[in-house]
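This is what each chain is made of:
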Amino acid sequence: MTSSTDEFDYEAALGACAAGERGALHRIYQLEGARLLAVALRIVRRRDVAEDVVHDAFVRIWEKAASFDPARGSGRGWIYSIVRHGALNHIRDHARETPADESLIEQTEHAGEGSVPDPYEQVLLASESGQLYDCLGRLDAPKRSSILLAYLEGCSHSEIAERLATPLGTVKAWIRRGLQSLKECMA
Amino acid sequence: MSDPRPQDDLAGLFVLGLLDAAQRAAVERNLEHDAGLRARVAYWEERLLPLIKMVEPEPLPPTLWARIESSLWPAPSRSAAGAHASLAERLWDSLAFWRTLAATGFAAAMLLAVIGLPGTQTAAEPKFMVVLVAPEDKAPGWVVQASTTQSLKLIPLGMTEVPQARALQFWTKGKDWKGPVSLGLVQPGRPLDVQLKELPPLEHNQLFEITLEPEYGSPIGKPTGPILYIGRAVKVM
Numbered sequence: 001m002t003s004s005t006d007e008f009d010y011e012a013a014l015g016a017c018a019a020g021e022r023g024a025l026h027r028i029y030q031l032e033g034a035r036l037l038a039v040a041l042r043i044v045r046r047r048d049v050a051e052d053v054v055h056d057a058f059v060r061i062w063e064k065a066a067s068f069d070p071a072r073g074s075g076r077g078w079i080y081s082i083v084r085h086g087a088l089n090h091i092r093d094h095a096r097e098t099p100a101d102e103s104l105i106e107q108t109e110h111a112g113e114g115s116v117p118d119p120y121e122q123v124l125l126a127s128e129s130g131q132l133y134d135c136l137g138r139l140d141a142p143k144r145s146s147i148l149l150a151y152l153e154g155c156s157h158s159e160i161a162e163r164l165a166t167p168l169g170t171v172k173a174w175i176r177r178g179l180q181s182l183k184e185c186m187a
Numbered sequence: 001m002s003d004p005r006p007q008d009d010l011a012g013l014f015v016l017g018l019l020d021a022a023q024r025a026a027v028e029r030n031l032e033h034d035a036g037l038r039a040r041v042a043y044w045e046e047r048l049l050p051l052i053k054m055v056e057p058e059p060l061p062p063t064l065w066a067r068i069e070s071s072l073w074p075a076p077s078r079s080a081a082g083a084h085a086s087l088a089e090r091l092w093d094s095l096a097f098w099r100t101l102a103a104t105g106f107a108a109a110m111l112l113a114v115i116g117l118p119g120t121q122t123a124a125e126p127k128f129m130v131v132l133v134a135p136e137d138k139a140p141g142w143v144v145q146a147s148t149t150q151s152l153k154l155i156p157l158g159m160t161e162v163p164q165a166r167a168l169q170f171w172t173k174g175k176d177w178k179g180p181v182s183l184g185l186v187q188p189g190r191p192l193d194v195q196l197k198e199l200p201p202l203e204h205n206q207l208f209e210i211t212l213e214p215e216y217g218s219p220i221g222k223p224t225g226p227i228l229y230i231g232r233a234v235k236v237m
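Which chain is which? The protein sequence lines are U and X, in order.
All residue numbers for the first sequence refer to the numbering used here, where the first residue is 1 and numbers rise by one.
All residue numbers for the second sequence refer to the numbering used here, where the first residue is 1 and numbers rise by one.
Keep in mind the hints are simulated off the structure, nothing from the lab.
A couple of the hints might just be wrong.
As the list claims (entries may be wrong) - With a straight-line cut-off of 27 Å between C-alpha atoms, the simulated DSS-like cross-links for lysine-lysine are:
#1 X/53 <-> U/64
#2 X/53 <-> X/138
#3 U/183 <-> X/53
#4 X/53 <-> X/127
#5 X/127 <-> X/178
#6 X/53 <-> U/172
#7 X/138 <-> X/173
#8 X/127 <-> X/153
#9 X/197 <-> X/138
As the list claims (entries may be wrong) - Covered, in the sense of this in silico footprint (three residues per stretch, anywhere, with C-beta under 8 Å from a C-beta of chain U), are these stretches of chain X:
#10 29-43
#11 128-142
#12 219-233
Said to hold, decoys possible - What follows is a set of in silico ranges between Cβ atoms, one per label pair, in the way DEER data are often shown:
#13 X/234 <-> U/19: 40 to 50 Å
#14 X/50 <-> U/47: 21 to 31 Å
#15 U/69 <-> X/235: 21 to 31 Å
#16 U/141 <-> X/53: 51 to 61 Å
#17 X/70 <-> U/67: 48 to 58 Å
#18 U/186 <-> X/219: 50 to 60 Å
#19 X/36 <-> U/47: 12 to 22 Å
#20 X/136 <-> U/137: 16 to 26 Å
Note that beta-carbon positions come from the ideal geometry of N, C-alpha and C, so glycine has one too.
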């Protein structure tokens, strides 16, 4: 692979898809397919289903490329939103059969009493940089975890409440305030 | 104003996937016409996108791309006829197009309730009526009324969306005719009066259709594009 995702012009590639250039879609697949599959897998938790989600998403990307409007956001964001919404739609229609990632359950169970478990603390502190990560770092752990569980794992409010062993109303407030704080921080 | 939740939250919650089915459906509907909402959703899509860096890429199964390819481009090679079909398919797949059709269903019912019953007309009573419906879902799009056997009026029941550089063309074909005869181009949403001077008188069961054609009409005098609406004349008692 010659170009990285940082250099790749997603908007131009989507334009080429709209113009019927099949190679452009393949290039997007080569660059992003593996991560798109991972994003879908995190949400649907079944490999065959995740592959279906990515398959459907690429069909959709090709068919809808002409309707992509760069004024509304980045091409890369658009591609990921198609995969995420595809995965989210799947879990809404089908109850997730397999339990949550075991390591996450363990972390939840091993968290000390009285403190809210933070399944993402380690990952977050690891290496990522950028404004979003700075701002996430400033959020209280429970707010951050709630947002990450929703975005990355497709958890519903009640699933987050269960995972974090917290009342539903509290989780809803965490998310609402977490989004507000993020927005203020990233302004 | 009475909504305790600011709209920004709605967009944020939508992107997080946390809205319930009704709220989500409302957002999806509003996204089509609410530029502000689109901007707020795009804001969160963009801002949260860096989170994907937390997910380690998964190896792609070698068959997945082949599957995508065969779904998108099933035939090994496409003939001119194939290219033609794909244009028609794209039209059939156009959501806006079908939504327009569905929206006209109610209008048609209303209109037929008013004009469709014999005896309610005060002026010239129609001798023939045709309801032109979309072939697939039977949603009515236009009505033809004929007060004489030599003239008719085409009445829209809603707006038909026509792609750039395309036009609607109106056709008819009697039982023993060789092929359809053009009755002219039709403006979407506009009625059209047609004189049938050189054609045989209208007959029961005569076929009418509206097809999608190039901007200035079919170049060969016969329908070339997909049938958008079709119906047969019914003699009004």
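Checked hints:
Distance restraint check for residue 53 of chain X and residue 64 of chain U: the Cα-Cα separation of roughly 25 Å lies within the 27 Å cut-off, and the hinted pair is therefore satisfied. Of the pairs offered as hints, the one joining residue 53 of chain X and residue 138 of chain X is violated, with about 48 Å between alpha carbons and a cut-off of 27 Å exceeded. Pair hint residue 183 of chain U plus residue 53 of chain X holds up; C-alpha atoms about 20 Å apart against a cutoff of 27 Å. Between the alpha carbons of residue 53 of chain X and residue 127 of chain X the distance comes to roughly 70 Å, so the proposed pair goes past 27 Å and is violated.
About 25 Å separates the Cα atoms of residue 127 of chain X and residue 178 of chain X, which keeps this hinted pair within 27 Å; it holds. Simply put, residue 53 of chain X and residue 172 of chain U have alpha-carbon atoms about 25 Å apart, close enough for the 27 Å limit, and the pair holds. Distance hint between residue 138 of chain X and residue 173 of chain X is fulfilled; the C-alpha atoms sit about 20 Å from each other, no more than 27 Å. The hinted pair formed by residue 127 of chain X and residue 153 of chain X meets the criterion: a straight-line CA distance of about 12 Å does not exceed 27 Å.
Annotation: proposed proximity of residue 197 of chain X to residue 138 of chain X is violated, straight-line Cα distance about 30 Å (limit 27 Å). With a threshold of 8 Å between beta carbons, the proposed coverage of the segment 29-43 of chain X by chain U holds, since 3 of its residues qualify and at least three are required. Only residues whose C-beta sits within less than 8 Å of a C-beta in chain U count toward coverage, and the segment 128-142 of chain X has 0 of them, not enough to reach three; the restraint is violated. For the segment 219-233 of chain X, the stated coverage by chain U is not satisfied: 0 residues place a CB nearer than 8 Å to a CB of that chain, which falls below the threshold of 3.
As the Cβ distance of residue 234 of chain X to residue 19 of chain U is approximately 46 Å, the hint placing it in 40 to 50 Å holds. In this structure the supplied range 21 to 31 Å holds for residue 50 of chain X paired with residue 47 of chain U, their Cβ-Cβ distance being about 25 Å. Taking 21 to 31 Å as the suggested C-beta distance range, the pair residue 69 of chain U and residue 235 of chain X does not conform, at roughly 50 Å. The supplied range of 51 to 61 Å is broken by residue 141 of chain U and residue 53 of chain X, whose beta-carbon atoms lie about 19 Å from each other.
The hinted range of 48 to 58 Å is not satisfied by residue 70 of chain X and residue 67 of chain U, whose Cβ atoms lie roughly 24 Å apart. Checked against the hint of 50 to 60 Å, the pair residue 186 of chain U and residue 219 of chain X passes, with Cβ atoms roughly 56 Å apart. Look at residue 36 of chain X against residue 47 of chain U: about 39 Å separates their beta carbons, and that is not inside 12 to 22 Å. Taking 16 to 26 Å as the suggested C-beta distance range, the pair residue 136 of chain X and residue 137 of chain U does not conform, at roughly 54 Å.
Of the numbered hints stated above, those contradicted by the structure are hints 2, 4, 9, 11, 12, 15, 16, 17, 19 and 20, listed in ascending order.
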